[in-house]
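Enquirer: Sequence:
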Amino acid sequence: MTSEEPRSTPAPSAAAPQHETDPIVLEGPALTLRYATQADTGRLFELAGDPQVTRWFSWGPYTDPEQPRAYVASLAAKRERGELLDFLVVHRQDGPIGVTGLSELAPRDGRATVGTWFAAPWWGSGANRESKAMIAALAFRRLGVNRLTAWANVENTRSQAALEGVGFRREGILRAWHRHGTAVHDVFVFGLLRDEWSSSALAEVPVRISGTPPPAWLLD
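All letters in the sequence shown, in the order written, are residues 1 to 220 by the UniProt record's numbering.
Derived by calculation from the structure, the hints in this document are not laboratory data.
There may be inaccurate statements among the hints.
As the list claims (entries may be wrong) - For each label pair, taking beta carbons as the anchor points, the in silico distance ranges come out as:
#1 61 - 95: 18 to 26 Å
#2 64 - 198: 41 to 49 Å
#3 146 - 39: 33 to 41 Å
#4 93 - 158: 23 to 31 Å
Think of the CB as a built atom: it goes at the ideal place given N, C-alpha and C, for glycine as much as any other residue.
Put together the whole structure using the sequences plus the hints.
Expert: This is the structure we're talking about:
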(Lines of atoms letter the chains of each structure in order from A and count residues from 1; the text may use other names and numbers.)
(Lines give C-alpha, C1' and ligand atoms only; values in the text may rest on other atoms or scores of the structure.)
Protein backbone atom coordinates (compact mmCIF):
# COMPACT_ATOMS: atom_id res chain seq x y z
CA MET A 1 0.00 0.00 0.00
CA THR A 2 1.38 3.33 -0.92
CA SER A 3 0.56 6.63 0.65
CA GLU A 4 0.50 10.05 -0.88
CA GLU A 5 1.43 13.23 0.85
CA PRO A 6 -1.57 15.48 1.15
CA ARG A 7 -1.59 18.17 -1.44
CA SER A 8 -1.13 21.60 -0.02
CA THR A 9 -3.84 24.09 -0.78
CA PRO A 10 -2.47 27.42 -1.97
CA ALA A 11 -3.16 30.23 0.44
CA PRO A 12 -5.71 32.63 -0.97
CA SER A 13 -4.15 35.81 -2.23
CA ALA A 14 -5.10 38.96 -0.39
CA ALA A 15 -7.80 40.88 -2.16
CA ALA A 16 -6.76 44.24 -3.50
CA PRO A 17 -8.18 47.11 -1.45
CA GLN A 18 -11.22 48.89 -2.83
CA HIS A 19 -9.32 52.09 -3.49
CA GLU A 20 -7.13 50.17 -5.95
CA THR A 21 -9.91 48.18 -7.65
CA ASP A 22 -12.11 51.30 -7.79
CA PRO A 23 -9.43 53.96 -8.34
CA ILE A 24 -10.01 57.69 -8.31
CA VAL A 25 -10.59 59.20 -11.74
CA LEU A 26 -11.09 62.92 -12.32
CA GLU A 27 -12.61 64.25 -15.51
CA GLY A 28 -12.57 67.87 -16.64
CA PRO A 29 -13.48 69.63 -19.88
CA ALA A 30 -10.40 68.43 -21.81
CA LEU A 31 -8.36 66.35 -19.37
CA THR A 32 -8.62 63.16 -17.35
CA LEU A 33 -6.53 62.42 -14.27
CA ARG A 34 -5.95 58.74 -13.50
CA TYR A 35 -3.34 56.54 -11.86
CA ALA A 36 -0.39 55.68 -14.08
CA THR A 37 0.20 52.02 -14.97
CA GLN A 38 3.17 50.14 -16.39
CA ALA A 39 1.59 50.58 -19.82
CA ASP A 40 2.28 54.32 -19.46
CA THR A 41 5.98 54.09 -18.67
CA GLY A 42 7.16 54.47 -22.25
CA ARG A 43 5.28 57.73 -22.56
CA LEU A 44 6.53 58.92 -19.17
CA PHE A 45 10.10 58.18 -20.25
CA GLU A 46 9.55 60.29 -23.34
CA LEU A 47 7.94 63.19 -21.47
CA ALA A 48 10.40 63.37 -18.57
CA GLY A 49 13.47 62.64 -20.66
CA ASP A 50 13.52 66.31 -21.67
CA PRO A 51 16.03 68.26 -19.52
CA GLN A 52 14.03 71.47 -19.81
CA VAL A 53 11.00 69.72 -18.29
CA THR A 54 12.91 68.47 -15.23
CA ARG A 55 15.17 71.51 -14.86
CA TRP A 56 13.74 72.49 -11.46
CA PHE A 57 13.02 68.98 -10.15
CA SER A 58 14.77 66.99 -7.43
CA TRP A 59 15.11 64.20 -10.03
CA GLY A 60 15.56 63.69 -13.75
CA PRO A 61 15.72 63.84 -16.58
CA TYR A 62 14.99 60.18 -17.17
CA THR A 63 17.89 58.41 -18.85
CA ASP A 64 16.86 54.77 -18.38
CA PRO A 65 13.44 53.19 -19.10
CA GLU A 66 13.69 51.44 -15.73
CA GLN A 67 13.29 54.80 -13.97
CA PRO A 68 9.63 55.39 -14.89
CA ARG A 69 8.92 51.69 -14.33
CA ALA A 70 10.24 51.96 -10.77
CA TYR A 71 8.29 55.17 -10.22
CA VAL A 72 4.99 53.61 -11.30
CA ALA A 73 5.68 50.43 -9.30
CA SER A 74 6.12 52.53 -6.14
CA LEU A 75 2.86 54.46 -6.40
CA ALA A 76 0.35 52.02 -4.88
CA ALA A 77 2.32 51.65 -1.65
CA LYS A 78 2.79 55.42 -1.42
CA ARG A 79 -0.94 55.96 -1.87
CA GLU A 80 -1.57 53.43 0.89
CA ARG A 81 0.82 55.19 3.28
CA GLY A 82 -0.46 58.69 2.54
CA GLU A 83 2.88 59.76 1.05
CA LEU A 84 2.02 60.51 -2.57
CA LEU A 85 -1.19 60.67 -4.60
CA ASP A 86 0.01 61.18 -8.16
CA PHE A 87 -2.09 61.19 -11.32
CA LEU A 88 -1.23 60.95 -14.97
CA VAL A 89 -2.65 63.95 -16.84
CA VAL A 90 -4.28 62.60 -19.99
CA HIS A 91 -5.51 64.82 -22.81
CA ARG A 92 -8.61 63.48 -24.55
CA GLN A 93 -7.03 63.57 -28.00
CA ASP A 94 -3.29 63.56 -27.35
CA GLY A 95 -2.90 61.10 -24.49
CA PRO A 96 -0.61 61.58 -21.47
CA ILE A 97 0.95 65.04 -21.24
CA GLY A 98 2.26 65.23 -17.67
CA VAL A 99 1.76 64.41 -14.00
CA THR A 100 0.06 66.17 -11.11
CA GLY A 101 -0.68 65.12 -7.57
CA LEU A 102 -0.55 65.64 -3.83
CA SER A 103 2.20 64.98 -1.31
CA GLU A 104 3.38 66.09 2.15
CA LEU A 105 -0.01 65.33 3.68
CA ALA A 106 -0.46 66.71 7.21
CA PRO A 107 -3.73 65.21 8.52
CA ARG A 108 -3.72 67.12 11.82
CA ASP A 109 -3.33 70.47 10.06
CA GLY A 110 -5.48 69.64 7.04
CA ARG A 111 -2.89 70.50 4.43
CA ALA A 112 -1.12 68.95 1.47
CA THR A 113 1.31 70.04 -1.22
CA VAL A 114 0.41 70.07 -4.91
CA GLY A 115 2.97 69.46 -7.63
CA THR A 116 2.55 69.45 -11.40
CA TRP A 117 4.68 69.06 -14.49
CA PHE A 118 3.92 68.99 -18.21
CA ALA A 119 5.76 68.26 -21.42
CA ALA A 120 7.09 71.49 -22.91
CA PRO A 121 4.54 71.69 -25.77
CA TRP A 122 1.80 72.01 -23.15
CA TRP A 123 3.29 74.94 -21.26
CA GLY A 124 0.93 77.90 -21.43
CA SER A 125 -1.82 75.78 -23.01
CA GLY A 126 -4.38 75.96 -20.21
CA ALA A 127 -3.64 72.41 -19.10
CA ASN A 128 -2.15 73.69 -15.85
CA ARG A 129 -5.29 75.64 -14.97
CA GLU A 130 -7.58 72.69 -15.64
CA SER A 131 -5.39 70.18 -13.80
CA LYS A 132 -5.11 72.52 -10.79
CA ALA A 133 -8.89 72.90 -10.78
CA MET A 134 -9.23 69.11 -10.75
CA ILE A 135 -6.71 68.54 -7.96
CA ALA A 136 -8.21 71.39 -5.90
CA ALA A 137 -11.70 69.91 -6.31
CA LEU A 138 -10.42 66.53 -5.13
CA ALA A 139 -8.53 68.01 -2.19
CA PHE A 140 -11.16 70.44 -0.96
CA ARG A 141 -14.41 68.70 -1.94
CA ARG A 142 -13.57 65.04 -1.43
CA LEU A 143 -10.55 64.64 0.83
CA GLY A 144 -11.25 67.36 3.40
CA VAL A 145 -8.03 69.32 2.89
CA ASN A 146 -8.11 72.94 4.11
CA ARG A 147 -4.89 74.24 2.56
CA LEU A 148 -2.88 73.48 -0.56
CA THR A 149 0.78 74.48 -0.62
CA ALA A 150 2.99 74.78 -3.69
CA TRP A 151 6.69 75.52 -4.12
CA ALA A 152 8.46 77.31 -6.96
CA ASN A 153 12.16 77.91 -7.40
CA VAL A 154 12.97 81.61 -7.10
CA GLU A 155 14.37 81.51 -10.64
CA ASN A 156 11.41 79.62 -12.10
CA THR A 157 9.31 82.61 -13.09
CA ARG A 158 7.06 80.53 -15.34
CA SER A 159 5.93 78.35 -12.43
CA GLN A 160 5.45 81.37 -10.18
CA ALA A 161 3.22 83.08 -12.75
CA ALA A 162 1.26 79.87 -13.34
CA LEU A 163 0.51 79.46 -9.63
CA GLU A 164 -0.54 83.07 -9.16
CA GLY A 165 -2.60 82.83 -12.33
CA VAL A 166 -4.83 80.14 -10.79
CA GLY A 167 -5.25 81.91 -7.45
CA PHE A 168 -2.37 80.76 -5.25
CA ARG A 169 -0.94 83.49 -3.01
CA ARG A 170 2.80 84.09 -2.75
CA GLU A 171 3.49 83.88 0.98
CA GLY A 172 7.24 84.04 1.43
CA ILE A 173 10.62 82.57 0.63
CA LEU A 174 12.32 79.50 2.07
CA ARG A 175 16.09 79.64 1.89
CA ALA A 176 18.17 76.59 0.91
CA TRP A 177 14.96 74.56 0.80
CA HIS A 178 15.28 72.39 -2.29
CA ARG A 179 18.19 70.27 -3.50
CA HIS A 180 18.65 69.47 -7.18
CA GLY A 181 21.74 67.43 -7.85
CA THR A 182 24.55 69.12 -5.94
CA ALA A 183 22.89 72.54 -5.79
CA VAL A 184 20.58 73.82 -3.08
CA HIS A 185 17.95 76.38 -4.08
CA ASP A 186 15.68 78.92 -2.46
CA VAL A 187 11.96 78.57 -3.19
CA PHE A 188 8.88 80.74 -2.96
CA VAL A 189 6.02 79.22 -1.00
CA PHE A 190 2.48 79.64 -2.32
CA GLY A 191 -0.81 78.76 -0.65
CA LEU A 192 -4.48 78.33 -1.49
CA LEU A 193 -7.11 77.93 1.23
CA ARG A 194 -10.41 76.12 0.86
CA ASP A 195 -12.42 79.33 1.39
CA GLU A 196 -10.35 81.14 -1.24
CA TRP A 197 -10.81 78.31 -3.71
CA SER A 198 -14.58 78.07 -3.18
CA SER A 199 -15.07 81.68 -4.28
CA SER A 200 -12.56 81.56 -7.15
CA ALA A 201 -12.83 80.87 -10.87
CA LEU A 202 -10.94 77.62 -10.26
CA ALA A 203 -13.95 76.21 -8.40
CA GLU A 204 -16.19 76.94 -11.40
CA VAL A 205 -14.33 74.51 -13.67
CA PRO A 206 -16.58 71.43 -14.03
CA VAL A 207 -14.86 68.41 -12.47
CA ARG A 208 -16.32 64.91 -12.14
CA ILE A 209 -14.75 62.77 -9.42
CA SER A 210 -15.34 59.02 -9.30
CA GLY A 211 -13.73 56.13 -7.47
CA THR A 212 -12.63 55.46 -3.91
CA PRO A 213 -9.90 57.57 -2.26
CA PRO A 214 -7.20 55.74 -0.28
CA PRO A 215 -8.20 55.87 3.42
CA ALA A 216 -4.93 57.57 4.40
CA TRP A 217 -5.94 60.56 2.27
CA LEU A 218 -9.40 61.07 3.77
CA LEU A 219 -9.22 63.83 6.37
CA ASP A 220 -12.96 64.40 6.98
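Enquirer: Could you run down the list of hints and mark each one as holding or not?
Expert: Consistency of the hints with the structure:
1. 61 - 95: 18 to 26 Å: Holds, at about 20 Å.
2. 64 - 198: 41 to 49 Å: holds, 43 Å
3. 146 - 39: 33 to 41 Å: Roughly 36 Å apart at Cβ, these two residues keep to the hinted range, so it holds.
4. 93 - 158: 23 to 31 Å: With a Cβ separation near 24 Å, residue 93 and residue 158 satisfy 23 to 31 Å, so the hint holds.
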